[in-house]
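J.: Sequence:
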Amino acid sequence: MSHTNSIRWVVPDREWRRGVLDPIVLYALSHGVTYGYELIRAIRVASGGEFDLNEGTVYPVLYRLERAELVRSEWGESGAGARRKHYVVTAAGNHALETALKEWQRFVQAVNKTLGAANIE
Numbered sequence: 002m003s004h005t006n007s008i009r010w011v012v013p014d015r016e017w018r019r020g021v022l023d024p025i026v027l028y029a030l031s032h033g034v035t036y037g038y039e040l041i042r043a044i045r046v047a048s049g050g051e052f053d054l055n056e057g058t059v060y061p062v063l064y065r066l067e068r069a070e071l072v073r074s075e076w077g078e079s080g081a082g083a084r085r086k087h088y089v090v091t092a093a094g095n096h097a098l099e100t101a102l103k104e105w106q107r108f109v110q111a112v113n114k115t116l117g118a119a120n121i122e
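Heads up: the sequence shown begins at 2 in the numbering used here, then just goes up one per residue.
Some hints could be false.
Have a look at the derived ranges for each label pair, beta carbon to beta carbon [what the hints assert, rightly or not]:
| id | residue 1 | residue 2 | range |
| --- | --- | --- | --- |
| 1 | GLN110 | TYR60 | 13 to 23 Å |
| 2 | ARG42 | GLU99 | 36 to 46 Å |
| 3 | TRP17 | VAL46 | 36 to 46 Å |
| 4 | ALA111 | GLY82 | 20 to 30 Å |
| 5 | ASN113 | ARG85 | 18 to 28 Å |
| 6 | GLY57 | TRP105 | 17 to 27 Å |
| 7 | ASN95 | ALA47 | 14 to 24 Å |
| 8 | HIS96 | TYR60 | 17 to 27 Å |
| 9 | GLY117 | GLY33 | 32 to 42 Å |
These aren't lab readings, by the way, just hints derived from the structure by calculation.
None of these values were measured; they are calculated from a predicted model.
Where is the CB? At the ideal position from N, CA and C, for every residue including glycine.
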């Protein structure tokens with residue numbers, strides 16, 4: 002097994018992505034995205050395709066955020082006349098997002114310092 006393969010096993014990409022989904026979803030919702038499909042598309046575009054999520058990933062995140070009262074949902078009409086569930090970030094959600102963004106910056110800085118100090122060939 003190569004060194005690269007062992008690193009992938011220790012820090013799998015999927016685990017990293019799962020750890021940042023809540024703030025990514027909150028961020029997208031706080032910038033005007035309101036319903037599930039639009040959220041999936043907006044995240045895919047904003048990430049340059051790195052986060053190509055499906056409904057089975059996004060809706061559990063939305064439900065979890067709603068149970069935590071970080072978002073609220075309401076039924077509304079779409080442009081085509083069909084009813085759609087729209088999601089809105091609550092004040093608590095905005096506070097949680099602000100906290101998550103600060104924590105993320107601290108985490109990234111610590112990783113960059115650590116990797117910058119390493120003698121990697």
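J.: Each hint: holds or not?
T.: Quick rundown of the hints versus the structure:
1. GLN110 / TYR60: 13 to 23 Å: violated, 33 Å
2. ARG42 / GLU99: 36 to 46 Å: violated, 25 Å
3. TRP17 / VAL46: 36 to 46 Å: violated, 20 Å
4. ALA111 / GLY82: 20 to 30 Å: Roughly 50 Å apart at Cβ, these two residues miss the hinted range, so it is violated.
5. ASN113 / ARG85: 18 to 28 Å: violated, 40 Å
6. GLY57 / TRP105: 17 to 27 Å: For GLY57 and TRP105 the Cβ distance comes to about 25 Å; the hint holds.
7. ASN95 / ALA47: 14 to 24 Å: holds, 19 Å
8. HIS96 / TYR60: 17 to 27 Å: holds, 23 Å
9. GLY117 / GLY33: 32 to 42 Å: holds, 36 Å
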